[in-house]
Amino acid sequence: MVDQFVIGFKTQKWWGSLAAIDFFLGGTGGGTFILSMYLGLPFGMVLGWIAVALGAVALLIDLGRPDRFLRAGSQVARSWISRGVVFTTLFLVFGLLRMAPEWLTGLAWGSSTGLGQAIGVVAALGALGVMMYTGFLLSHSPSIPFWNTTLLPLLFALYGFACGAGVLLVALPSLGGRAADLKSAAVIGIALFAACLVFLWIYLLTMASSTVAAKESVRMLVRAQLSVPFLIGVNLVGLVVPLVLAASVYLADPGFAAASPALAAAGLLALIGGYLFRYSLLRAGVYPPVIDL
Amino acid sequence: MRLGMVIDLKRCIGCQACTVACKLENATPPGVFWARCLEKETGKYPRAKRVFVPVLCNHCQDAPCMRACPTGATSQRDDGIVAVDQDACIGCKACMEACPYEARSFLEEIHGYYPGHLTPFEEVGYKKHQKGTVSKCNFCKDRVNEGLLPACVQTCPAVARTFGDLDDPHSEVSRLIRERHTIQLRPEMGTRPSIYYIP
Numbered sequence: 004m005v006d007q008f009v010i011g012f013k014t015q016k017w018w019g020s021l022a023a024i025d026f027f028l029g030g031t032g033g034g035t036f037i038l039s040m041y042l043g044l045p046f047g048m049v050l051g052w053i054a055v056a057l058g059a060v061a062l063l064i065d066l067g068r069p070d071r072f073l074r075a076g077s078q079v080a081r082s083w084i085s086r087g088v089v090f091t092t093l094f095l096v097f098g099l100l101r102m103a104p105e106w107l108t109g110l111a112w113g114s115s116t117g118l119g120q121a122i123g124v125v126a127a128l129g130a131l132g133v134m135m136y137t138g139f140l141l142s143h144s145p146s147i148p149f150w151n152t153t154l155l156p157l158l159f160a161l162y163g164f165a166c167g168a169g170v171l172l173v174a175l176p177s178l179g180g181r182a183a184d185l186k187s188a189a190v191i192g193i194a195l196f197a198a199c200l201v202f203l204w205i206y207l208l209t210m211a212s213s214t215v216a217a218k219e220s221v222r223m224l225v226r227a228q229l230s231v232p233f234l235i236g237v238n239l240v241g242l243v244v245p246l247v248l249a250a251s252v253y254l255a256d257p258g259f260a261a262a263s264p265a266l267a268a269a270g271l272l273a274l275i276g277g278y279l280f281r282y283s284l285l286r287a288g289v290y291p292p293v294i295d296l
Numbered sequence: 162m163r164l165g166m167v168i169d170l171k172r173c174i175g176c177q178a179c180t181v182a183c184k185l186e187n188a189t190p191p192g193v194f195w196a197r198c199l200e201k202e203t204g205k206y207p208r209a210k211r212v213f214v215p216v217l218c219n220h221c222q223d224a225p226c227m228r229a230c231p232t233g234a235t236s237q238r239d240d241g242i243v244a245v246d247q248d249a250c251i252g253c254k255a256c257m258e259a260c261p262y263e264a265r266s267f268l269e270e271i272h273g274y275y276p277g278h279l280t281p282f283e284e285v286g287y288k289k290h291q292k293g294t295v296s297k298c299n300f301c302k303d304r305v306n307e308g309l310l311p312a313c314v315q316t317c318p319a320v321a322r323t324f325g326d327l328d329d330p331h332s333e334v335s336r337l338i339r340e341r342h343t344i345q346l347r348p349e350m351g352t353r354p355s356i357y358y359i360p
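Protein chains in written order, with this note's numbering: chain C, 4 to 296; chain Z, 162 to 360.
Quick caveat, the hints were computed from the structure, so don't treat them as lab data.
Certain hints may be false.
As the list claims (entries may be wrong) - From the structure, some residues in chain C lie toward chain Z, with a derived Cβ separation under 10 angstroms:
1) R74
2) P145
3) S146
4) L154
5) T214
6) E219
7) P291
8) L296
The beta-carbon is built from N, C-alpha and C at its ideal position, and this holds for glycine as well.
With the hints as extra help, turn the sequences into a complete structure.
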């Protein structure tokens, strides 16, 4: 309570593990769904859909008044949370419709018909919206300089796709995936893990030469209380090791059965890193002092 | 009409009377402070000094909390007061993340100051507050509606606070802003606060 009466840097404390879970599941689910749709993997689309639905449940649990959640979509013109509700609803509905022909017969649309493809496009746009809206939510407000950048929604989108690739690397062997699918997922994963690593450090370096509060956030991540989850969890475990593992397996080209365990490990580590990325980012949100003295 | 406040930091003595007056007027639960006085020690012995800065909701003209609110629970009256409708709030805390002034409080639990029971004052006063929602200073809008001053302004023994219509060039607040050097908190954030400080 003393902290409330002192002028100084303050870390945000209201969005923590539960919000990180919501951001992670939403982003990962959206990425999994889009990649699965592109690769023609129905079970992957199901996993993506379930992840987004669970993310929505996490968001509901985090609300102070979840009984009033229906109100959350009423300010689409100005609120990113309202827009997120729209994207999530759009995705859950159209995602279900897109997946339906994979399991049901007699529908008026199929996965390759014009109507089915249009439904797929809407579902994909919804998924992309789910992946990115949390980045816009954080970047929209000027109050936390570390978040106030257009780089953040792009980083969230990249991470969504990277974690989606991680899910496919873990799940494909169990879901009857073919060697070609696993190879495609590995190539996509390698590209995305590398892109995330580069983009993450571009973001950090940009923020390190930004305002004092943003510099304080970067300091927390690389030298202070968040350095372990960030440097080891997000970077080493979540990006470098999966990248090296996936690239080594791909280059060695040992065949599907031999490659699966190593690629699954890469995917799992990427998912752990993906969650820790959102967690670290939220914990590193710092408000500048209300007045300069 | 745009209601606002000028706070003279040279007059503020950091007595926290405003903090207590706000608590009494609005019956805020433990841990919730709609108005409070921040302090910071600057300089070194023998020239160290403590600076006191009273803070409250700035009732910004371009309020980031309003833009963030997904339900419209946060809205702005014609007189500029930004208020929270607790019946509409879903407790997402987006407004708290958006506010640069630490002006909002989340009512995670509502309990009394004394263990085991609520005082008669708390039993009546806590009816205004809903668990799981966000609350903040509303310039004592019920008092303002009656033509009274906000409790913090009324109480300040150092007469550090002046309240009035910023759109009225003849008001005391407008005169102070015109004649004295004033600053605002975090002007670079573009919120256009209605609270001015005389440093």
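Evaluation of the provided hints:
Interface hint at R74(C): satisfied, since its Cβ lies 4 angstroms from the closest Cβ of chain Z, which is below the 10 angstroms cut-off. With a cut of 10 angstroms, the hint placing P145(C) at the interface with chain Z holds, because the nearest CB-to-CB distance is about 4 angstroms. At its closest, the beta carbon of S146(C) sits 4 angstroms from a beta carbon of chain Z; the interface hint therefore holds under the 10 angstroms criterion. The interface hint given for L154(C) is broken, as the beta carbon of that residue sits about 18 angstroms from the closest beta carbon of chain Z, more than 10 angstroms.
The closest approach between the C-beta of T214(C) and any C-beta of chain Z is roughly 9 angstroms, which is under the 10 angstroms cut-off, so the hint is satisfied. A cut of 10 angstroms between beta carbons decides the hint on E219(C): the least distance to chain Z is about 15 angstroms, and the hint is violated. The closest approach between the C-beta of P291(C) and any C-beta of chain Z is roughly 7 angstroms, which is under the 10 angstroms cut-off, so the hint is satisfied. Using the Cβ-Cβ criterion of 10 angstroms, the hint placing L296(C) at the interface with chain Z is satisfied: the shortest such distance is roughly 6 angstroms.
This entry does not satisfy hints 4 and 6, going by the numbered hints stated previously.
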